[in-house]
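J.: Same order as they appear, the protein sequences are chains A and B. Once you know that position 191 of the first sequence is 191 in this note's numbering, the rest is easy, because the numbers rise by one and skip nothing. Once you know that position 282 of the second sequence is 282 in this note's numbering, the rest is easy, because the numbers rise by one and skip nothing.
If you're looking for bench data, these hints aren't it; they were derived computationally from the structure. Please read these numbers as outputs of a predicted model, since none were measured by experiment. Be careful, since some hints might not be right.
Which stretches of chain B does chain A cover? Using the computed rule of at least three CB atoms under 8 angstroms from a CB of chain A, they are [what the hints assert, rightly or not]:
no., region
1, 38-50
2, 89-100
3, 228-240
4, 286-292
Where a beta carbon is used, it is the ideal one built from N, C-alpha and C, also for glycine.
These are the residues of each chain, in order.
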Amino acid sequence: MKGFFSLPGERLFHVATLSALGFLLLFFVGIISSLATYTDWRQFFSILFSKEILFAIRLTLFTSTMATIISMVFAVPAAYAISKTNFRGKNIVDTILDLPIVISPIALGAALFVFFNTSLGRALEGNLMRFVFEVPGIVLAQFTIISALAVRLLKATFDSINPRYERVGRTLGYTKIKVFFKVTLPLARNGLIAASILTWARAVGEFGATVTVAGAMKMKTETLPIAIFLNLAQAEVERAIAVVFVLVAIAVIALVILRRFTSRRQTS
Amino acid sequence: MISIRNISANAGSFILKDINLEIKDGEYFVVVGPTGSGKTILLECLAGLQRLRGGEILISGKNITPVPPERRELGYVPQDYALFPFLDVRENIIFGLQPKKISKQELEKKVSSLANLLSIHHLLDRNVRTLSGGEKQRVAIARALAISPKVLLLDEPMGSLDVRTAKYLRLELKRYHEELGITTIHVTHNLIEAEEMAERMAILHMGQIEQVGTPDEVFFYPKSPFVADFIGTPNILDCDYYNDIGHGLIEAVCGGVPIILPHHDGPVRKLTLLPRDVYVTTRTPPGPGINRFRGTVMEITPFSSLIKLTIKVGEINLLAELPQDIFEEMDIRTGHEVHLILKLRSLRVY
């Protein structure tokens, strides 16, 4: 161990860590920019504004926004409960909520698909609305993938709130429910926005569960990731690349907004 | 009157056991104890923020044990003040008045009177993140007082302040207490703060009350070895006789040691002095030889980061304290002769 912290050793350590960083950066920038070499820029905008791609953009924005809203409606109270309440079996519940993050989306999609072939699933489809190979199926698939992520992100936000704020709120005449709305949620505001952006971005890019439940039907269940899949399958590489650029642009915008809120949270 | 009867509470692995206290109306009561003694939990039990395992709490004869915190009407100032960062100073102060749905005019009147009392008029439109520690404390007290509470609960209110600000704010807290006459329960780990603020105090140790009394009673008549160790056992000197030596001074002779102190009405039977107020030096101190003595080190006892020295002066044994690093620098051993200076202002007469 002698000399481990000596100057040459430290320098070597810095070089090694920065090299790894540089390699990853080059790798990602490389694969994205390689797309540009395949793009015919004269055709790019006509592809981008084609009926099919505009449909895919609209459908993706609609379904991912719906899925995000629905998942936040469930995730906010669920994350609060798991963060602030002690109950028997909390660790098991916590682990179950982590499963959708770890399990492959296509496996979850398959589970949903099988569910709609059970009597309960068929009853739901018959009496409520159709999910399999339909737009609500896309929303459901995206919800399945992102809700656990939303709970995980929001739990971290609620965990970081000092309970003293809520205690003071109680002594100032607010019931537990009022404290949640008047103290906890305003304190969690930036975390809520950050979690919404991240889960929304994850829903925009969702493919595995969506294709299993809603199928890959042109101009019907064609979200942006499915549009890439369909166009590549038909060897329409330039169309596929145009869609990749749309997804990259959405991701960049989401990350810029996210950075604004997370940096504000760090300085607060 | 607040009556705390046999209350017990569990907070994680910590247990508060059979606490009994009677706090008079308008009293400034301080709960003091080392870190982890259960002071904050006791305060949270009073505020209704901790579920009791047993016992009851009565305010003016009414049992408030089953009353939820939002209906107890107790003003609570937590450690680090917990001002809401998403509200400005004015909004923080009126936060507790909003559920009461009072008129805008009344709100403004209340804010104005609290701002006058606490001298925070100039801060009302400020973002709370930009306030200093002392300013935050005053805003937190204003927020707690806004709901016109029956009792004010202060949890380590000077904990995050520098020494000078804390000293100033202790005086300010005394002034608010005198002006409002509100029953105040203040918890702290700081003995000097407790001694300065308390009308009566309780010493808490490992979830149990060790002693309750006025600061003088606790400081000079500790009831348990823990209290004696915690406050630093005082030197209690029995005086043989005393003479008026003019110039507003008297000379009290205790165990053959002549001690000069300011004139005192009434007889001088005992003098008391805390070990921390006995200065020890190995060199002859400069200046006049009043209240400066030579003594022999009889015993050296390490205690936490301090070294306690028993020093024989005349016929009396004086207890002194030294920080460990200074003790090591002085290289004092048993049998060595040292010089002592008694801090005149800290001498108490009985």
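J.: All hints are to be evaluated individually against the structure, with a verdict given for each.
T.: Hints versus structure:
| no. | hint | verdict |
| --- | --- | --- |
| 1 | 38-50 | holds (count 4) |
| 2 | 89-100 | holds (count 4) |
| 3 | 228-240 | violated (count 0) |
| 4 | 286-292 | violated (count 0) |
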